[in-house]
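Given next are the chains, with one letter for each unit.
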Amino acid sequence: MVENDEFGGRLKVLGWFCVLVIAVLIGRAGYLQIYQGEYYSELAEGNRIRIIPSMAPRGTFYDCNGELLVQNRPGFTVSLLPLTAPISDDVIQRLSELIKVPVEDIKKKIAMHSGFDPIRIKADVTPDIVTIIEEQKENYPGVVIEVLPIRDYMNKQEAAHTYGYVSEINDMELEKMKDDGYKTGDIIGKFGLEKVYDKELRGVNGGQQVEVDVSGRPVEILGKKDPIPGDDLYLTIDKNLQAAAEKAVDDQLKAINAHAAAAVALNPQTGEILAIVSRPAFDPNLFAHGISTKDWNALNNNPYHPMDNKAISGEYPPGSTFKIVTGTAALTEGVVSPEELINDTGRHWIIPKGNSEGEALGLINFRQAMAHSDNVYFYEMGNRLGIDRLEKYARMFGLGKKTGIDLPYEASGLVANRRYKELNFEDGEWYLSETFDAAIGQGFNLVTPLQAAMVMGEIAADGKCYRPHVVKRIVGPDGTVVKDFQPELLANLDVDPNVIRLVQDGLHDVTKYGTAASAFRGFTIDIAGKTGTAENSHGRDHGWFVAYGPFDNPNIVVAVIVEQGGFGAQSAVPIGRKILEAAFGINQQKAAQQQNP
Amino acid sequence: MDLSLLLATVGIVLMSLVIIGSATHINTPSDDRYWFVARQGIFALVNVGFAAFLLNFDYKLLQGYGNKLYVFNLIMLLAVMFVGQSALGAQRWISIGPISIQPSEFSKIIMIISLATMLEDRVGKLNTLHDLLPVAAYVGLPFLLVMKQPDLGTSLVFMAIFFGMVFACGINLKILGGIFATGIAMMPILWHVLKDYQKMRIMVFMDPNVDPLGSGYHIIQSKIAIGSGLLFGKGLFEGTQSQLNFLPENHTDFIFAVVGEELGFIGVTFLLLLYLVVLWRGVCIARDASDMFGRLLAVGITSMLAFHVLVNVGMTLGIMPVTGIPLPLMSYGVSSLTTNILSITILMNIQLRKQKLLF
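If you read the protein sequences in the order shown, they are chains A and B.
Take 1 as the starting number for the first sequence in the numbering used here and just add one per residue.
Take 1001 as the starting number for the second sequence in the numbering used here and just add one per residue.
Worth flagging that the hints you see were computed from the coordinates, not collected in a lab.
Fair warning: this is a prediction, and the values are worked out from it, not measured in the lab.
Among these hints, one or two may not hold up.
Unchecked claim - To spell it out: a stretch of chain B is covered by chain A in this simulated footprint if at least three of its residues, at any positions, have a beta carbon under 8 Å from a beta carbon of chain A; those stretches are:
| hint | stretch |
| --- | --- |
| 1 | 1231-1244 |
| 2 | 1271-1278 |
| 3 | 1300-1314 |
To be verified - Listing some non-contacts, in silico: residues in chain A with all C-beta distances to chain B over 12 Å:
| hint | residue |
| --- | --- |
| 4 | Lys12 |
| 5 | Ala23 |
| 6 | Gln36 |
| 7 | Leu43 |
| 8 | Lys109 |
| 9 | Lys122 |
| 10 | Asn240 |
| 11 | Glu339 |
| 12 | Asn365 |
| 13 | Asn498 |
Claimed, not checked - Here are the simulated DSSO-like pairs of lysine-lysine, each with C-alpha atoms no more than 30 Å apart in a straight line:
| hint | chain 1 | residue 1 | chain 2 | residue 2 |
| --- | --- | --- | --- | --- |
| 14 | A | Lys12 | B | Lys1125 |
| 15 | A | Lys12 | B | Lys1354 |
| 16 | A | Lys12 | B | Lys1060 |
| 17 | B | Lys1174 | A | Lys12 |
| 18 | A | Lys199 | A | Lys176 |
For glycine and all other residues, C-beta sits at the position ideal for the given N, C-alpha and C.
Please construct the entire structure, taking both the sequences and the accompanying hints into account.
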């Protein structure tokens, strides 16, 4: 049959076609599984394995008595987790309206993000936002709520400049610090102790390696690395004294209608800082949430710069507090004897400069001059010493350079000297009147409140200068002491102990019958002090007060400045007295009664 | 009895049960963990029993029903359009009691029977376009109904059956070539006939990364599953792609990817060789059949199976576009399983009654 042969031929073709089909399929499978197998294996791993980071709790702060100052609390964070599809514009728009974050900001964060972990959009949202997102899940696909530790500054703006604040790392910081393992989205210390000790505080983030299914739901934990909490800081700060100092400053600012001030209290025998106040201040909790533009502008536009720690970065003419330096120099250099009487006729005889109120004290010796802060006497000391020796002693006291405190943005201050004038003024010649100004702490001299406290502290500690520090101990999460900060002797004044004794006596007289006597009437503990009034070309003078006590065995030095507060005796001394009262436990009952009438 | 065909079929069905079990293992609540396997297994057994019963009847009896079946087929396909239930945008299902059947599956085998009836006395007489027209119209009507559902996959199977059978009938190769040439020339026009999702499938077939989270997702995930299976596979129940649901439809249209992932190149090769046995036997049975009707039946069935294997496996391997064509005897689905076992039964029936060799 011809047609059967024909049929058989066509069947053969069909048969071989089937063989060809199977051969092609096997070949293709072999290509995918053998030749490209490694490639697809890696893709399969990437599909199913996710790293879910877990943030290490940041180290906490304690005061010198072990009282908790800064902690972490759990907070709700709104994050995006695009699993199978990118987050749609509708959802971004809706979320933007809900949490009040601009759409561009959200999109920028999405664009910046890489990896499979959630993209954090807004930290520490309120429970009602959490409720809305949880209840209307279908309106917010890909939006998740995470519970993450939020920094909690329990005492609000108290000691804010010391503690500092944390917030998300920015591009510039990331560029600088990425070699140290910092990543996009990291929360880092930006100011204060948070910044200085960031490496110790941040701990080591952990994470889980999990197998997930197609919807990103974890199916099995493959590996786990627990986060290691950061080290805790035990501070030299005394919370009670800090609170009292803050209150003293606030009350006084209100009373005299001034806006800015700073105060430092430290132990002159160790360099331990007991309290630091800077006004105006800010609430560091604002940054932990991610600060709003409104709050940020309010801080930035405040003419009194709430973000500056004036206690260490504010530079002011030292005013009469500088007479401690001038007096020490004069006695040590022997340009005057303690007994020599200088005649204050109200004006110096070479250059007609006098006391601020124009009063004339007549014939006075060193102690009287110190107690009454007599300008004419110290002009004469400047005249006899000359600017170079004044500069030498100022530098010996540590002025003109940073004290080395463990806080950021410390200023160096300035010691009046010839070279500075030469470099910075067209008329670089040094004039005697400038020496006069320098001798009483005006003119070019600039100090920070901390430096002023350090100068007083060196007198109090018989010439010893200890490095000021805020952290006493760093303690690891397991309780072991990582680092213990012992007092570090920086320098010893190269001065006869008798000279220091004479200066001490003069300062003691200040509170006995001198410029601060009325303020310290009835004070049960012997105090040495010095008032000052720093001329301010921009407005009212700044008021200064530095003091230490108890006089015989000092354990606290206080330095206070009230910006545009006028005379130190009226503006700064009351604050200093209250801080000392708190430190020595004097009048506390009365203060408590005032608080709760 | 065709032992190699029987063994290959049983082998594929057993493999199917194991792989369906694995593919649906994690994605089902534990109470129903073996629901799919059990259901598929029970229907396989019922079908085999039914097939054994059907072997008692001569397949030639079907010849008398050819035209009636054809009409029944049209009615059934029309019924789908009016009372059918939608699945994934296409009306393909009819519920009869607890069972949802997919008429288009059955319509394939019915198409083969009626076409074989029609072509029997046209063998060797398809020399002109005029000769071919009635045949084309005969297939064209149900083809259009399936196309309308829309079920592009099944309509393509109709074309495969048609071409396989008219080719065996000795169609003039010039005409065949002419049809293909015209078909290719018409492609741009056909493009407009396609639904958007069908166009997308074709585009994604050209480059899956056009839409990696949408239409291209199946292909990408399927290739990852198969590729990562390597030589020996990850082991049953160990396929991360299928067990973690990255691979959709893993017990139905994409079951071959599970084989590739869990049993590796060795498992894939073994399964494809089983299919080759089935197809090769189909061609042999066609060759040895005692009459032209039997031959055409066998050719139609073989063409259908070959096309299914090529398109389904090719799809999972990324060399064919995504169409909803199941893998015969492997994919979960009662209608498809029944149709395919019925088809194999018909092949065996033909083989049982083959022409006696004369010595």
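Margin query: Hint compliance check: list the failing hint numbers for this structure, sorted ascending.
Written below: 4, 5, 6, 7
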